[in-house]
Structures are given as C-alpha cells and as structure tokens.
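Undergrad: Residues per chain, in single letters:
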Amino acid sequence: MNDWISIPLVAFPLISSMVLLAFVSNASPKVREGLVKPIRMACLVFSLLLLVLTTGMFFKYFGDVSWMDIQFNDYEYFASYAWIDSLGINWTVGMDALSFPMVWLTTFLLPVTIIATWNEKYGATYFPLLLMMGGALIGVFVSLDLFMFYVFWELTLIPMFFLILKWGGADRKYAAQKFFIYTFTASVVMLLGLITLFFLQEPNTLASAGSMTGRSFSIPELIDSARIANTGDNWFLGKTMQNILFVMLMIGFLVKLPAVPFHTWLPDAHVQAPTGGSMLLAGVMLKMGAYGMFRLPLSLFPHALYHFQLALMIIGMVSLVWGAIVCLGQTNLKKMVAYSSVSHMGVILIGIATMQPMGWAAALFMMFAHGIISPMLFAVCGAFKHHYHSMEIGAMRGMAKHSPWLATSMMFAWMASLGLPLLAGFVAEIMMLIALWHMISLDGWSIWWMVGPALVLALTAAYYLWSMQRTIFEGGDETQPPATMDGQIIPDISNSEKFAMLILAFFTILFGVMPWIALDMMDDWTQQIFNGLILFVGKGGA
Amino acid sequence: MASSSDVILDSDMVQYAPLIILLPMLAFPVILFLGRVFNKNPFWKNTLKEGGLIALPVMAASLIISLLLINDHIGGFAGIKDSMNLLWVNTAVWDGGALEPVTLGFGIYIDHVTVMLLFVASFLCLLINIFSVGYMNTDPINDNRNHRFYAEFVLFCSGMLGMVLADSFLWLFIFWEIMGLCSYLLIGFYYERPSAAYAAKKAFLTTRIGDVFLVIGLVMMWDIFGSLDYDVIFNAVEDKEFMAGVSSSTLQWALGMMFIGAVGKSAQFPLHVWLPDAMEGPTPVSALIHAATMVNAGLYLVARMFPFFGAEALSGDLVDLAFIIALIGGITAVMAAAIAFVQNDLKKVLAYSTMSQLAYIFTGLGCAMYLANTLDWHNDSESHYIVVVAFGAALFHLFNHAMAKGMLFMASGSVIHEVHHAHHHLHHHDDHVEGEHDDHHDDDFDAQSMENMGGLASKMPLTATAMLVGSASIMGLPLIGGFWSKEGIIANAWRVAQDDPRFLLPAMCVLIGAGMTGFYMSRMWLKTFAGKPNNEVAAHVGPTNTWIKIPLFTLTFVTLSAIIFAGMGFTHWAPDSEYAFMSEKGLVEGIVYEMEHAFANSDSFFFILTYVAIAIGAVLGPGIAMSLYGGNLAEGEKAKPWMKPVIRLNAWVYSRFNFNNSSIAESGLTRALEQRLYIDYYYDMAMLKIVAAFSKKSAEADSAVIDGTIKSIERGSQSLSSIVRSLTTGSARDYILMISVGTLAIFFFLWGVA
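Those protein sequence lines, which keep their order, are chains R and B.
Just so you know, we're using our numbering here: the first sequence kicks off at 24 and counts up by one.
Just so you know, we're using our numbering here: the second sequence kicks off at 1310 and counts up by one.
Derived from the structure by calculation, the hints contain no laboratory data.
Treat the hints with care, as some may be off.
Unchecked claim - Restricting the straight-line Cα-Cα distance to at most 20 Å, the calculated cross-link-like pairs of lysine to any residue (SDA-like) are: (1) K2006/B <-> W428/R; (2) K2005/B <-> T354/R; (3) K1349/B <-> H425/R; (4) K196/R <-> S2012/B; (5) K521/R <-> L1343/B; (6) K424/R <-> N1348/B; (7) K521/R <-> N1348/B; (8) K424/R <-> F1347/B; (9) K1349/B <-> K196/R.
Please read all numbers here as calculations on a predicted model, not as lab measurements.
Can you build the whole structure from these sequences, using the hints too?
TA: See below:
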C-alpha cells in the first residue's frame, strides 16, 4: 500500500481529536482540569508524528517520492477509493509540489502552535481542537475530488469557529459569527460553481464517472479534460461559461485569501481569536484561498485567467496598497498585523496576475514564507497581550527593558515581515518584483503599475518601524514602564513561548538563506504547469 | 549572453573569501547568545569584555584573509571571480514564446573597486573594534548590554564585507539591507531614549525610501540584461551587438533609480536628514557605520556603475546621469558644510562633514563618469589617462576620507568619553551610588557640546594630534591625506566644466566647499583643543586609555602617509590593467610624480586652480576660523611641540584679526542653518500631516465604508428575514389560510402551464 495520506495524514488527526473531545466532554470540570496535561501531551505527540511523517516524505523515507519533476496534473502518493459511486464521488488524495509545502507547513505549525500556547485555558478541549483544525487543513490540501475538497473546506470552519467563540476576546461572539457567515456565504458561491462544473462536464467520458450521473467530481480527470479542450481558441465549457465559473470559484477563494474589499472579516476574527487560532488562521487558513486558485480556476480555466488578468492585478494591487495604508493608521497591534496579512496576500495575487512562472513561483513561496512568518507575528502579539493586558500600540513602551526576549522576537518577526533580505519573505518579494517588471515591459503595460509595490515597500517599513518605536524602544525618562502591573512583576515570555519563537525564527532564516529547499520544487512545478497551459498564452488569449 | 572574460584570475585564496563574510556572521549569534546567558558573569565581563574579545579575533581573521586576497589580486592585477557559484533561486520567465531559465546566485567578485573597499572595511572594522573595547566597556551606562553592541557590530561588519565581495547587484542589495538593519539597531542602542528611538526609525525609513528606488533599478536592470551578475552585465555592455538592442534611456533610468538608492545610503541631499540624527548611536558606531564604511556603500554602488559609463556602445548616452550625480554631490557639499558652521555638538560637526566629503566623492565620481562616457578612452591613451586618474581621485578620496573620518570620530569619542568622566568625577564623586550610572542624561550637562570643551590640546595630546591630522586631511591641507585626492576632484570638476558648462555649478560648489571645509574643521579643532577651558569640567579632563590609543595612532600614521599610497598608484584606481599597482614606476618615482603633478602642473589652468584651491581651503577658511575661535592655552599648559605652531599661529591670528561676528550669528540665515534649513521639519510635517493623517482616515474608512457596506447587507438580510419570520404567527388559522392560498396558487399554476 502506498497510501500514506488518507489514514496517517487526514483520518488520524481528525479521528484522534474527536475521540479526545468526546472523551473530555463527558468529564466533569474537575476531571477535565486533570486531563489537561495528558491531553496536551497527546496532541503534541500526535502533531509531532505528523511532522515526522511529512518531513520524512520530503527526505524520501516514505515511498521514495521526489518532489521535483512532477508533471502538471500528476500527483504523488495518489490514492482513490469509491465513496458514493452512483454520483461519481470518490475519496481521492494525492500531493504535488503545490500542495506538499502547504501540508508540511500545516504539520510544522501544529506542534509550534501547541508549544507557543502551552498554557492556554481549557486546554482539554483547546488542544484537540487545534489538532482537528490541522487535520481539516491537511484534508483541504490533499483532496483531489471536488466534493471532498468542499467538505474539508467547510470543515475547517468548525474548529476555528469554536476556537474564536470560546477562547476569544471580549467581542468574540460577533467575530466568530462574522467569520463563519462571511466565509461560508462566499463558499456557497464557490459550491454552486463546483456543482455547475460537475453538471456541465461532458457526461460518461471520465473514468470515474458516477453510475447514475455519468459525471465525476475528480479533479485530475476534470483538469485533464479541460487541458485537452483548452487548445487554441477552444474554451473548455465555452467562453462565457468559463468566465462565469472562474468568477464563482474566485469569489470563494478571494474572500478566504482575503482580498480587498472582502477582507473585513479578517481583522475582527484575528483581534478576537486566541493566539493559537490566529497562528493557524494566518499561517495556513488564508493560504487555502491561494491554494484553491492554483488548484482549480488556474488549472481549469486558463483562458478565463487571461481574460481576468487585469482584474486580478487590480485586486492584488488594491489589497497590497490598501492593506499597507490601513496598517499605518492602526492603533491596535494585532489589527495592524492582520492588515499586514491582507497586504501580503496582495503579493500572491499580483504574482498570479503577472502570468509568469517566476511570478507564480513567487506567489507559492510567499504562501509558504508568510505561513512561517505570520504565526510568529501573532505569537508576538499574543504574548504582548498576555503580558501587558493591552493591544494598543504605545500603551507600553520600553519593552526591551523588561522583556528582552519578547522585544527580540518582535523585532525579528517585524523585520521578517517587512522583507528583510536573508529572511524568507524577501525571496518572494524580489521574485514578484522581477516578474512584475518583466511582464510590464514584455506585454507593454504602463510602468505606473510599479508604483504600488514601490509605495508598499516604504509603507511596510513605516508601519512596522513606527510600531516598534512605540513598543520596544523609548520608555526612558518620560515613558518609564512600570515594573509591575496589577501588583505583579511583569515577566518575560515563558520558556515554551521562547522555544516556539526560536523555532519559527530558525525556519525563517533557513528559508531565507536557503530558499531552494522549498523553492526548487515550486519553481519546477510552476514551469511544468506553464508548459501544461502554454498553448493559450502564446496566442495571447482571447 | 556574454561569457566570462579572459582576464579572470584563478586565485587559491578566493575559496576562503566567503569566510570573510561568514566568520563575523556566525559570531553574531554566538556573542548574542553567550551575552544573554553569561551576563554579569565576571569572566565574561572583564576578560572577554562582554564579547568584545570574541569579536576582535574574528575581525582580525577577516582582515588577514582580506589582505591575502588583496595580495593575490594585486599580484595578478585582474579581476577575480569565484568559480563556485551558489544557485540561490532557480526559476524561469515567459519570454513571449518560450520559457527562459533564470538563476539568481551568489559568488565572489573581486576587482579594483572591491579591493579598495575591502581593505577600508576590514581594516577599519578591526581598528574600531579595538577602540570599542576601550570605549564601550569603560562606560558604566553600557554595563551588561555590550554583548548586544558587539553582536550587532560583527553582523554589520559581515554585511559590509559581504556587500563589497558580492558578485551581483542583487547580493549587493541584500547585504546593503543587512547593514541598514544593523545601523538601525545600533543607532537605537540606547533604546530607552526617545531621541535614539526616533533617530533609528528615521535612519531606516529615509534609507528605505532610497532602497525602494534601488530595488526598482535592480529589477529594470534585470529586465535589460537577464541577470544581475556583474560578470554577465559588464560583459554585455561591452558587447556592441547586444547593446544595439538596448534602449540607452531605459538603462539610464535604471542606473538613475539605483543612484537614488545610493543617495539615501550615503546621506546626500535630499535624503540626508538621517545622518546627523544617527549620532545618537554610541561613538564607535558613528565612526564605523556613519563615517567610515556603510555610508560609503552608496559610493561603492556608483563606482560599480563605471563599466556602463565606460562602455563604447553607450558613449555619450549617459552624460545626464553623470551630471545629476555630480550636481547632487555639489549641492550636498555646500549645504552640509554650511550647516556644519553652526553646530556646537562635536559629533554633529563631524556628521555634516561626512556628508559634505561624501558629496565630494560623488562629484568626483560624476565627473569621472562624464569623462568616461564622452572621451574615447578605449583607444586614445591620453583620454585613457584622464579617465583613470579622475576615477582614481574619487576612490582615493573615499579611502582618505574613511581613514581620516574614522579617526576623527574615534578621537571625538575619546574626548567625549573623558569630558564625561571628568564631569562625572567632579559632580558625582561624593554622592556616588552603585547602579545609578544613568548620568548621560540625568542633568543638562552635554558631554558632546564643544561649549564644554576648550584647551584640551595639552590634556589629551594623542587625541589632539589625531584630530589635528584628521582635520588637516579633511581640509586638504597640502601634503596631508585628503589633499592628494581632493585636488584631483576639484581639478576634474573644472576639467569637465570646460567641456560641459552645466558642470560649472558642481565645480563651483566643490571649490567653495573647500574653503567652507577649512573653516568648519578648523573651528571644530580650535574650539575643542585650543584656547582656555570653557568651564571647570574641561579643566579636569585626563588622557585616554590604551585601547583607544592604538587605533588613533595607527590611523594618524595612515593618514600622514597618504603620499605613499598616492605614490603606489592609488590615484589610478580604475579597473584597468595598464596602470598597474606600482608597476610602471617605483615608489619613489611615483611620489615624485605625484608631487610634480600636484604642485607644478604643466597645464597653466590646472596650475592656477591648484593654488586657488589651496588658498581657499588651507588659508582662507582656517584663517577666518582662527580669527574667531581658540587662542592660547591656559597658563602653565604645554602642548606637544608639533601642535605648538598651530596654537601660536591661532593665538596670533586671534589677537590680530578677531572681529565681532554677532550680526552674522543672529541673522536669519544662521537660524535657518541651525534648524538644518528646515528640511527635517518639512519632512516630519509631511509624514505627520499627510501620510499619517491619510492612513488614519483610511483606517476609519476601512471600517466605516467597506465593513459598513458588508454590515448593511447583513442588516438588510436580517430585516428581510424578520419580515418573512413575521409570517410565522403560530396561529392555526393563519396556517390554514396560507395552505389553502398556496394550494390554489399551485393549482392555477399547473392549470396555466397545461
């Protein structure tokens, strides 16, 4: 058996977390208190097992799979089982160089998040929920069946909803509902798109077509048939339908990403969410949007992508610039970081809209790099809140004095996020800029498109540095920080937090100095997908 | 594209070159971590000097490897390119028909420009490290946080050396940013001071604005050449066939964008505002980063552009950019010198002086670029000589300035250090409490103000000597240090001005600037070391410690022996093998040649120009300063014999020509200069009133308009659903009515369809 995905990577975290939750929910509060430590340890061990598995996959210990030279629409660890045969629904899993980095990232962030939020309250239910979140996220990235994809897509909402609702801040009820309803509504549009796609396909042609419907939910088979259909001026499903479906799917993904103007659920969710929730939300959940774009609309509807290139570029630019400007105007530390995510997700959209393999590789690497950096940003925010009981920038100055570890972590994370060279984020940014300029000069776009990214390079530095000036620095004669707060001495971050920060910092440096570890497979994959889609680009699209 | 050229030399040493960068970079976490763990441990504190003695051998090793590498280079006198090229990013672009592979890699590239900067950087890093041990570890305010200083210090050195050795514009930029980070961290070393926090942010943001343009320049450059490697690009610009397909105006724009980056990093107008504030950092930081090395990065970048200007295919196409480079230099030279007139803070005078001298180098480079771009220097040997000497003069000034200014800052640091100690000794001797060392700012005493100094020549003889030699070098006093290069820059500016009248402006600026330099540097020395002590504190200053003396002595020696360097061919420091290092002439002949060239130029125009420049810079400027400041030392104080003539002359001029300058001192211009010409003020206002205000409004709009729309949709659907819900009355009568109406409707509908 070569199926290393279904049971170990997806079913195991989901089922074990549900078992733990069921076990805990029947216990009395007192017993629950006693269960925190063993459950926490179990969740950590389980998540570490997942990490060992995916890391082993990278180093070819499991199944001897190489992540290079994966052809477009070809998947490693591919496995497919009939699920609802009559409808053409199969349990199909597999990974390529698009999904594997995301899966690894999820399994990497799970233990880090558990360690970083080691002392979270109600731990007996909190840690299993994180584990469940991880399982659902992995499920999204490995599904190769539209139905399955949608199920996991929505499944991720449930643990996150409860994480915000139970462990969130003062306004958590509103934030949880807004988060759920907003993204769910968008997902419904996406679902309609998926179902339309299901019904519009040529009946009884695909191998895994259902006995009753004659149609299939299989992503690889749909992509294959689309690739065959998308030749020259032919549009798979026809031009109009392709454009409509593209928009429907993109609505779901753009809201999840999120892109301006669909971003306002994010700051609310982040500000109210607990640290662990924020770390997973920013680290992996946002990337579901970008992942979905690559997996479905880009692969299925390249003509429509070309058709909407300008729109995507505009949305990307607006996200990038607007996010950065709003960041500068924030007074709440966590909100600022949340908006910076919006700004960075703009980079992904721009990378896609460049229609260059380098731009797409930049987008993929940005997904990955942001997935490591943003959890650190939120871990810092969480620790700040925990220590100083406030999120207001400027409420507490001179942090370097009494919390040097926190101050150092903050400095590091902020610098990584603003794109300091030799840290992970820079690689994606410089690649995006090169690809963008290349596209501008190749396709004869106006050079004014360069103004947005240029402005943001400066603005990003401005909001991060300004916030550091008012938190880490100062605290001198006029703004002396108190030695105690509520009568208690303000301690530096705890050892588990230090450990988590060090791990995140280490990987940020690792992927900044040696980006090729992750970037090579992404570069290779984007070139493969480009070769797979090349027929239309040469013709200049519609 | 172009293949690697045949002048590339195989050097055994080059395989160790990455160590020059790696050693300090690895020392960074080591010092930081050990410092965190062993803080307050006596061995760590006293024997290892809180990391200072870990940094020291590392920097020494870097220097030794650098020297061996330089030796290899001089022996072969050709470029060295490391064959090992680390592939960093491996991707592709779509070129409208096929996928073109793209690689971004790292390697080592060594040519004349590299060698100059490599020596300056590694040499000064080591010297200033020695100085730091004497300076940082003896000041109680730094106790238990020096590890942070040394860690950031070595990281900076790594960045600087990396920038110099890197083989592509991309890696130049990467290390450039690392330096920016260290500059930021070290300016904000005293993080608890709001002024330091502000200065750090200002420095990072101002240079960041330049960096944005630099990035755009890089990206444009990449698009033109398909690579950012020097090797590929410089071979491509010599390839006429390839260059025929390149738009020279696009290339000029790309280079111009990169030049803006250089303007930011080298603190030139209009991005100069950060440098004076950067003096908030500890003095070794000012000496190393903000005087001797990092600010030279911009110059290095411009010097790197030489092959573009020198390319035959681009002949005459880049003169506008050359003019802009020279003009920015000219403006900054005069502006910074003028502001330096009114500064009373010792370090601020030096900061403006740095700005002004860097501007000289920019002017020199701009003129050299112009000459390279217009003259047929590839074929005509006379033109060739002119270009090589013009470029060499600018780079030699960089060398001289780095040495002199590094020394001046260290000397000023030692003065401040001792003044501070004297103050401490006088005022806190009786009520000294352990742990209460916060006296850098516990009262209004300003140890950096020249108002609190005066007459220190006899108390700190070595420091005063170093300062005297350094000032003389910066002023361009004949025979000393900067004279040899500054004359060249002025002469070349005028040479170009004869050809292109636009250059008259920078040429005038550098000439006038020479006089202004003479004035403010003399003023600084006289106010600090000559005359009588201004107050009780200055009267009690004592000599300094050995760690500080070593680098001061070394650099005094280096500065005084500039003529030897000139004789060795430092003035021909262009990427060209014909003017080999000491190859044509021996050392003595070289020195004689330089002397002859400087003082007895065969061209009557340059002969006169030389003496005019000397008259302005070495007589007029210092003369006015002498008539206004200084005077004899206090009774019983004896200066060293070599300083006596200076002080005697000063006393004579002071007594003979002293005049009342209060009308000038109270004029509007002086006030404007004191306010730095209001430039900082308007920048701050623009930040606060426009950028910050706009972003605040945007943040409000984001929640009011964008989120508001979403909320109103939500409310709309809620009220809609409540209307629908109101139909659910719970009364059986209503339901029966609805069922019957519904049934009827379906019935009629089906009937209609049928």
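Undergrad: Take the hints in turn and mark each one as holding or not.
TA: So, going through the hints one by one against the coordinates:
Between K2006/B and W428/R the CA atoms are separated by roughly 34 Å; this puts the pair beyond 20 Å, and the hint is violated. For the suggested pair K2005/B and T354/R, the alpha carbons sit about 9 Å apart, so the restraint of at most 20 Å is met. Among the hinted pairs, K1349/B with H425/R is consistent with the structure: their alpha-carbon atoms are about 16 Å apart, no more than 20 Å. Under the criterion of a C-alpha separation no larger than 20 Å, the hint pairing K196/R with S2012/B is consistent with the structure, at around 18 Å.
Of the pairs offered as hints, the one joining K521/R and L1343/B holds, with about 16 Å between alpha carbons and a cut-off of 20 Å not exceeded. The hinted pair formed by K424/R and N1348/B meets the criterion: a straight-line CA distance of about 14 Å does not exceed 20 Å. A threshold of 20 Å between alpha carbons decides the hint, and for K521/R with N1348/B the separation of about 18 Å falls inside it, so the pair holds. With a C-alpha separation of about 17 Å, the suggested pairing of K424/R with F1347/B holds against the 20 Å cut-off.
Restraint check for K1349/B and K196/R: the C-alpha separation of about 49 Å exceeds 20 Å, so the hint is violated.
Of the numbered hints listed earlier, those contradicted by the structure are 1, 9.
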